[in-house]
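Protein chains in written order, with the working numbering: chain H, 1 to 309; chain U, 1 to 344; chain C, 1 to 375; chain X, 1 to 505.
Hints are all accurate, no fakes.
Only part of the chain C face toward chain X is listed, based on derived beta-carbon distances under 8 Å:
(1) R212
(2) T213
(3) P214
(4) F217
(5) A221
(6) H224
(7) S225
(8) D227
(9) A228
(10) A229
(11) K230
(12) A231
(13) A232
(14) G233
(15) N235
Read the hints as simulated data drawn from the structure, not as lab findings.
No experiment lies behind these values; they were computed from the predicted model shown.
Here a beta-carbon is modelled for each residue, glycine too, at the ideal position from N, C-alpha and C.
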Amino acid sequence: MSDFFTMSILVATVASGIRLATPYLLAGLGETVGQRSGVLNLGVDGVMQLSAFFAYWTVLETDNLILGSFVGVGVGLVMGVIYAVITVVLQAQQGISGIGIFLFGLGFSDLMFRRQVGTPKPANQLPDVPIPLLSDIPVIGEALFEHSWLTYLAFAMVPLLAFMLRKTTFGMNIRAVGENPQAADSLGVSVGWTRTYAILIGNAMAGLAGAALVLELGIFQPNLTAGLGFIAVALVYFGAWRPAGVMSGALLYGLVAAVVLQWKAQGIIPRSASDIAAMAPAVLTIIALVVLAGRVQAPSALTRPFSRH
Amino acid sequence: MKLTRHLLRLLALLFSFAMVAAACGADEVSVDVGIEDETPSGDSDDSEASGDTLTMAIVAPSASDDLAFTQSMIDAIDALDRDIDLQVTDGTFVVDDAAAAIRGYAEDGVEVIIAHGTQFGGPLSEIAPEFPDTTFIWGTSSDTQGLDNVFAYYPAADEGGYVNGVLAAAVTQTGNIGVIGPVEAGDAVAYINGFAKGAEDSGDVNVAITYTGSFSDVALMAEAAQAHLSNDVDVLTGSSQAVVGAVGVASENGVAWFGTQANQTSLDPELVVASQVYHWEVVLEEMLALRDGGTLGGEAFEVNLENGGLEIEFNDGFELPDGARDAADAAIDGIIDGSIDTGA
Amino acid sequence: MKRLLGASIPLLAALIAFLFGAVMLLAIGASPWEGLKALLDGAFGSADRLAATAIKATPLVLVGAGITIAFRTSVVNIGGEGQIVAGALLSTSVALAVPDLPAIILVPVVLVAGLIGGAIVGAIPGALKAYASVNEILSTIMLNIVMVQLMNYLLRGPLIDPLEVEAGTRIPQTERLSDNATLPNIVPGVRLHLGVLIAVLAAIAVYVLLWRTPTGFRLRAVGHSPDAAKAAGINVKRNITTALALSGSLGGLAGAILVFGSEGQRMVTDGSSAGFTGSAGFNGIVAALFGGLHPLWTIPSSFLFGALLTGATNLQRVLQVPAPIAIAINGIVVIFVVSSGRLREKIDRMLEARAEFDDTPSTPETPAVVEGAQS
Amino acid sequence: MSMLEMRGITKRFPGVIANQDVDFDVRAGEVHTLLGENGAGKSTLMKILFGLYQPDEGEVIWQGSPATITSPSQAIEAGIGMVHQHFMLVPTLTVAENVALGLSSGRAPFTDLDAVSERIREISDQHGLSVDPSVDVWRLSVGERQRVEIMKALYRQAELLVLDEPTAVLTPQEVDDLFEILRRMTDEGRGLIFISHKLHEVMALSDRITVLRNGRVSGHTTPGETSREELAAMMVGRAVKLTPDRPPVETGDSRLEVRSLSVQGDRGTRAVDDVSFDVKGGEILGIAGVSGNGQREIAETIAGLRTPLPGSSVLLDGTDVLPMKTKQRRDLGLAYVPEERMKDGAVGDFSVSENLILVNHDTAEFTSSGLFNFDAIRRHCSELVERFAVKTPTIDTPTSSLSGGNIQKVIIARELTGNPGVLIASQPTRGVDIGSAEYIHEQLIAQRDRGTATLLISEDLDEVLGLSDRIAVVFEGRIVAIVDADDATRENIGLLMAGVVEPTG
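Bound-form chain H, shown alone (with noise of 0.2 Å):
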């Protein structure tokens, strides 16, 4: 069989790593603002197949893609708004209200997907964009610059989250609710509210995130998930709450599987060893995770609910 080593495999697997790092970036990224509020999401696989299903009902419909990918962005507010009050409001523990929501997403689409759409049918993809001129600096450019533009959106993101945080009152705010609340509302700081707008920032990215899943497949099935979420949510953590943390364990997780999806493919990967080679992603990071591990810290009010007394 042909040789993994040659140019045009290479860029194509790089550029299948990246297509799978699109969703987990995503929903990786959103969880991030969320965290370093201090408000652990475990329902983002749930909020992300709401999303994934009913873009693509709307594209199904009106094959309109940018409009697919806006009713992704309002199922996750949606959904958002419904964690924020869970959290914020009423302060519900936040890792099992997280599974409910999880549930309650696995479920309701796929009850939606039987009563509304019922057998597959294709939709509308998104179009590759390649970049002008970039696209064009070989080897290099057909690897990274010819994508959808929610790809690239997702990687976009990276920096501009990165600047949020680091650099604007609101960053500064989502920083100080995730460390010490009690010290962010001694001055004036609004816990509440920051955390809310924090979780509709995590929530939207969820909600993107599914849309990307089911745009760039133009298809749904239930579950079609297959447990994507927890993996972003985990990536949070291997990330060490940075965007760019979260975008090497994206691209880490994407790569390997892409790497080892090119190798079934050539026949370097016997048959007989496909479930071992499925292993990778997972195991390759939790050895990633033991060599780094214990440098970073999470938010120290992660996961709790601020009340004042």
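Since the structure of chain H is provided, determine the placement of chains U, C and X on it from the hints.
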């Protein structure tokens, strides 16, 4: 005051968002809120088996509209020329859940119950003797576990696979064919092995097979297809409901696709070459006829090309190269008369 | 009176959640009343159905009780799915290796094998957390993925039923397991097997362990304050590992019970963990939290969720309502009940204030206690 | 003319009256001390001032007119600032960011941190605060963090500043610096409310003193007309002995021998450098020193919570304990009262009885066939609670709901159970009410009389002088001198603590 300010900001955000969304959507948005009409099961006062209406139920591991394994059976029941009241419990892979459903139908007095999953054999061996007047139909399996009110059925999926393989070899320009599967197991294996043999028997082609390791991860399935494409593959096939992701890749890249289990032409009317379709109704009809005659079970049936339970359904929208159709027909004949070994 | 009201709030929340479910049923054109009837009938309608509910609750009780051990030690265990699979795989392998042992020996042997399998997979993230500071949320999620793939590999390779290979059907399932390993029924004529009893006993054992033994004392001390525990001479790292190992072992036991109490009489995979566990690894967490992380309350709480799950199967069977509606309702129940906690607190406080108002005001001698509590 | 007047404040909580008819006022340019034991009602009064609680009766008058303050931000806007005992700082933000939090910015959505930094430097210079605005707060020492807290208030132009036990975590040097800063602030006409129960500091700093007891005002006074003993009596409600009696005892053999101990600190520097000392049975060796000079590391290394550098040795009754884990050392007769009560000393969520058996829960006394014998535990704990006069509703009460003094009594009771051979007591009475401190001192002396070798580590020089038979002074990780109690004075020990080494007689 502070609250109102935040609420206003929030509303503004949501509103502007809605505006943008509306602008993008223009007036194309026709959201269908209505419920699709599905024949409600309990409409007619049917609980008393009125006249010749046959009550049937199916318990299946995946969704009934999966364009694959489960749907093939539902379609088959619809195709039966009988007045049937069908109840469906789908998406229950977990054996004990399925067992509860099977037992429930039996208790309700449903006359014929289809346990559409190999793994349901265990509970069936306990339940069937408890309801000796009920017919249980179980598959895919080649034996009835010695129960005389159980019929069994299984497909010779390798046969259709072989024919698809022959066609694929004719369609490919590059000589590279890619196959995608979730986990190397079940009907998929028979189909894929038959496919590979059929392709390789018909010419100098490479068949590369990838199992992703996950039934549900559609994105991974799509990328597996991409990986094949990067290796110059120009014909794809795959098994299981998760192929829907891979079909998307095929259509995006203009690559031919072969389907199995159900007619997948609807997924891409231009690039699906042919589908191996299960026509369970062929054997179901035989079973029901036996039941009418008082035999409640005890026999196993195979669907194959010969008895018409397997059929290669061609997509007229795809223009086959010269001779391909003939080669396929020859293969079908060869399989039926036993001159071709499909490798099963 | 006050307690009654306090306790009734989660129930009220669950009720409201069910109202949501009713609305959903209406929206898809089914009668909520019929739906409720089907649900209740499916869960409690006959001795066999009651037994099915109990059997459905069994892995939830075990996983839930295990979760309480972990959470009481301040360790999160989201690895229930993987631990169930591990227990199932090891116990299955053992049963395949020595199928001819008499039942009286083989049954305990496979159950212990399940415990060990789960314990190993639990101990790994435990040790990684204790000795390498690897976040256990991450490692348990990743191990779930790893265990599913291991299951797929074993069931379609080394452990596959030779008949499947021979027939070429290659369904990824083991051969039929020895009858000697099957969990015996405990009530004649009803499909209620030993596993249910074992789960209840295990939950009680967890209660005893946590609150009646030095081992549990150490685990809880580590959970509340690792620093204080360490200063008092308690080995924090070892206890964190122990907690996750114990937690995992109960998941593993659930896995063994799922295999040997199943009507399938063999282990089979659809390539996902949920296909084998029915998501018990997640639902067990929900049941445990619903039960206030108390192992004994986990029992009724699991039974409730078990009833919802079996009832939903019936709902689908009778009304042709797609089963996912049960998952959605499940989620809503969780959300409402968790959210009601704060409300309950507020009402409690209101009632307390009222009670204080009614009593003759008095200044206790040690206001110190109160000021500490208020701040 | 008072800038702040609180008149007839009453605040009730279910089952308790936290403030009853409290009058309190602050004038511009003065330090008004609010003195009282934990739970006397000081923090309730301050929470009312900051709008966290509303009084049931009484009124708050700010700058001459009645004020309804409903939130801390309102108080801040009015010109009232607070320096909390537990710093309200975000460690991961820079000083400038911490100061700028919650302020509106002219350059939204950004905060003009350059302008903020500039202003911080101005205020720094003006008040002698020396705060670097660009440093992350987690890098700062405790004293520096406190200056940031003060900076936050000054930046917001606070006229009245509340300082809640500001010296609890400061070194003597830092306390001196702080007082100087505070003096400057009063000179400018600001008012200060000083909350503390360190009596010599109160005497040194205050212009006026108001003492609270059980929610009521038990007296208004000034340093000129009172004494430490009198203040203590006002706080506690009875006469208090501030220095314990220390009868002479016969010392025995060395029970704790520390030789050439060197320990790496958390920041990678050498926190303890070649330290050697002995403690004999029946003796209290006090370690005096400014916080952060290696005391914590010495205690933790002996207790088995830290690994020393090679070449060190620690002998317990002649046995080398360095290879042993904490548990084995404790089994050999080591007891340890950690410096941070709520972090290392007790499990807050555990009941009093659970904390009392934290160390010896697995002994045969409390277990039978693997299960706890709750009768035995109950008997044991009730007895300890009684013997150590722990004020708790029941032995099943969560420990965290007890007052600091009572929590410390629980820890002391636990550690003294079983008559330890060696006791390490770190800051045994820091932040503890006077009555409890008095009691704990008596218990430490009594234990010494029973033959225990006690290593007392304290930053409270009065405590070290009052309890110790010998005093070792540490400076920058070394022992600069070991002085007999009879030769020790506040002055010579203070000089040694500052690193001024002069041979003493």
